[in-house]
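Produce the entire structure from the sequences given, and follow the hints as far as they go.
Read top to bottom, the protein sequences are chains A and B.
Start counting the first sequence at 37; every next residue gets the next number (my numbering).
Start counting the second sequence at 37; every next residue gets the next number (my numbering).
One should not assume that every hint holds.
Where chains are identical, the list cannot tell them apart; a pair therefore holds if satisfied intra-copy or between any two copies.
Unchecked claim - Heads up, simulated DSS-like pairs for lysine-lysine below, C-alpha to C-alpha not over 27 Å straight-line:
| hint | residue 1 | residue 2 |
| --- | --- | --- |
| 1 | 183 | 196 |
| 2 | 196 | 103 |
| 3 | 228 | 196 |
| 4 | 285 | 183 |
| 5 | 196 | 285 |
| 6 | 228 | 80 |
| 7 | 183 | 128 |
| 8 | 80 | 103 |
| 9 | 228 | 85 |
| 10 | 151 | 183 |
| 11 | 285 | 85 |
| 12 | 228 | 183 |
| 13 | 151 | 128 |
The set of hints was computed from the structure by calculation and includes no laboratory data.
Number of protein chains: 2
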Amino acid sequence: AMAGCGWARAVRGLLLDGSGVLYDSGADGGVPIAGSAEAVRRIKASGLKLQLCTNETQATRENFVRKLRAMGFDISVAEVTAPAPAACRLLKERGLRPHLLVHDDLVPEFSEIDKTNPNCVVLGDAAENFTYANLNEAFRLLIEMEKPVLISLGKGRYYKETDGLKLDVGAYMKALEYACDVQAEVVGKPAKRFFESALAELGVPPEQAIMIGDDIVSDVGGAQQCGMRALQVRTGKYRPSDENHPEVKPDAYVNNLAEAVDIILQQL
Amino acid sequence: AMAGCGWARAVRGLLLDGSGVLYDSGADGGVPIAGSAEAVRRIKASGLKLQLCTNETQATRENFVRKLRAMGFDISVAEVTAPAPAACRLLKERGLRPHLLVHDDLVPEFSEIDKTNPNCVVLGDAAENFTYANLNEAFRLLIEMEKPVLISLGKGRYYKETDGLKLDVGAYMKALEYACDVQAEVVGKPAKRFFESALAELGVPPEQAIMIGDDIVSDVGGAQQCGMRALQVRTGKYRPSDENHPEVKPDAYVNNLAEAVDIILQQL
Numbered sequence: 037a038m039a040g041c042g043w044a045r046a047v048r049g050l051l052l053d054g055s056g057v058l059y060d061s062g063a064d065g066g067v068p069i070a071g072s073a074e075a076v077r078r079i080k081a082s083g084l085k086l087q088l089c090t091n092e093t094q095a096t097r098e099n100f101v102r103k104l105r106a107m108g109f110d111i112s113v114a115e116v117t118a119p120a121p122a123a124c125r126l127l128k129e130r131g132l133r134p135h136l137l138v139h140d141d142l143v144p145e146f147s148e149i150d151k152t153n154p155n156c157v158v159l160g161d162a163a164e165n166f167t168y169a170n171l172n173e174a175f176r177l178l179i180e181m182e183k184p185v186l187i188s189l190g191k192g193r194y195y196k197e198t199d200g201l202k203l204d205v206g207a208y209m210k211a212l213e214y215a216c217d218v219q220a221e222v223v224g225k226p227a228k229r230f231f232e233s234a235l236a237e238l239g240v241p242p243e244q245a246i247m248i249g250d251d252i253v254s255d256v257g258g259a260q261q262c263g264m265r266a267l268q269v270r271t272g273k274y275r276p277s278d279e280n281h282p283e284v285k286p287d288a289y290v291n292n293l294a295e296a297v298d299i300i301l302q303q304l
Numbered sequence: 037a038m039a040g041c042g043w044a045r046a047v048r049g050l051l052l053d054g055s056g057v058l059y060d061s062g063a064d065g066g067v068p069i070a071g072s073a074e075a076v077r078r079i080k081a082s083g084l085k086l087q088l089c090t091n092e093t094q095a096t097r098e099n100f101v102r103k104l105r106a107m108g109f110d111i112s113v114a115e116v117t118a119p120a121p122a123a124c125r126l127l128k129e130r131g132l133r134p135h136l137l138v139h140d141d142l143v144p145e146f147s148e149i150d151k152t153n154p155n156c157v158v159l160g161d162a163a164e165n166f167t168y169a170n171l172n173e174a175f176r177l178l179i180e181m182e183k184p185v186l187i188s189l190g191k192g193r194y195y196k197e198t199d200g201l202k203l204d205v206g207a208y209m210k211a212l213e214y215a216c217d218v219q220a221e222v223v224g225k226p227a228k229r230f231f232e233s234a235l236a237e238l239g240v241p242p243e244q245a246i247m248i249g250d251d252i253v254s255d256v257g258g259a260q261q262c263g264m265r266a267l268q269v270r271t272g273k274y275r276p277s278d279e280n281h282p283e284v285k286p287d288a289y290v291n292n293l294a295e296a297v298d299i300i301l302q303q304l
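Next up, the structure:
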């Protein structure tokens with residue numbers, strides 16, 4: 037397929053991004069990217085380990101997996117590493133009680149967390165919940181805290197849905213950071229700790245794992261910082277200008293997940 | 037009144053901020069701050085020149101002045117320096133056709149500007165127009181430009197209305213800057229060019245002018261950068277922590293505009 041596929045050698049596990057790699061998001065739940073469902077089946081049949089490493093925060097993992105299965109993906113809840121459960125661990129460790137500015141469908145992930153008298157704000161991709169009123173409410177809570185604590189589930193700039201590009205949680209994080217003169221703590225990609233959790237669940241050390249994503253900074257840059265190889269697919273939010281990124285250079289570009297899997301399986 | 041009022045000497049003109057100095061903004065148009073209307077009358081009776089230097093972008097200057105007069109302020113349209121007219125000059129100079137993400141009531145300020153086939157985005161304090169859909173629309177226009185041009189009418193972090201603090205245009209500017217990897221051009225305070233326009237309209241050189249505002253960075257810092265003296269009032273968005281600001285130190289703090297005018301008139 038491609039010249040120079042040394043990057044595909046000595047692999048035992050794959051971390052896959054969801055939106056833009058498996059499917060394009062959309063109002064109706066999304067559309068699978070051609071060949072991706074078959075690619076997931078081929079990964080599993082090959083004996084390679086597989087874990088989704090997603091910043092998806094518009095649904096609980098259970099609903100997210102239901103959506104994936106409806107699109108034809110053979111994925112279980114245990115194969116999904118997502119920001120909300122990681123945030124819950126962090127909240128419990130530090131005794132934080134969040135005000136949630138998240139998508140309605142994510143709220144059940146926080147069912148066991150005390151949310152009375154909030155002492156931090158947790159920001160996810162709230163989509164339609166990113167209203168002027170909700171943003172002002174989160175802002176006021178933060179600015180009134182002696183030391184504002186803002187936890188952001190990812191810091192993506194934007195993503196692609198079937199009806200066009202949408203601002204992602206990172207843009208709203210920057211708005212609140214600036215207004216409150218505070219730096220958010222990011223849970224999710226590209227945080228190193230998050231990739232390390234995904235690798236632990238994958239059960240493979242970083243040097244034997246490859247991350248496959250459509251986000252040059254969050255997926256590719258983040259994974260490489262953890263010692264993994266990382267591919268950028270030319271699907272989802274990929275833009276040709278990504279190939280001139282001043283700081284991040286993927287180990288390889290592939291047209292889509294199916295092509296990546298072709299090459300990797302040939303090297304096994 | 038205060039010890040050490042050297043800062044009040046040799047003054048010929050005053051630049052005043054509007055919201056937080058003359059009045060507190062609110063859904064019903066706002067409430068005058070006690071003593072401010074009388075203070076404006078005393079400034080005018082003294083022979084001092086006066087110009088409002090405001091980042092107000094929720095109304096045309098005509099409607100803004102109507103609101104001020106209804107609250108008892110003796111202010112005319114010619115006495116108001118505001119970002120929208122400055123932005124129109126800039127758009128014309130550079131042949132820019134804006135997509136407007138601004139308050140409905142500001143739109144008439146741009147009536148003579150060609151808005152077809154936009155090649156830039158102008159962002160104001162859009163308030164209720166800061167919807168998820170409108171932000172995504174502005175973002176998409178920018179990200180599809182070869183070289184995105186974002187013009188922001190001010191970069192305030194937040195302001196106080198009668199029902200609480202609200203995110204200001206600067207927060208949304210940061211969101212779009214981050215999502216598009218672009219730096220906005222700010223028209224309005226604290227841009228030097230904007231203060232220079234206000235001084236030209238005041239007809240007084242910077243060393244004989246005092247800016248009076250409630251925003252430590254935008255009002256006080258911006259004016260000082262132009263060679264003016266600047267006072268911070270302890271009304272509006274003032275917070276005690278402003279007095280420990282790492283970079284900006286006002287020439288003096290005053291409890292309110294009325295106190296500032298008392299001191300300045302005593303020194304005439």
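Subject >> Ascending list of hint numbers which this structure does not respect >> reply: Of the numbered hints given earlier, the structure breaks none, since each of them holds.
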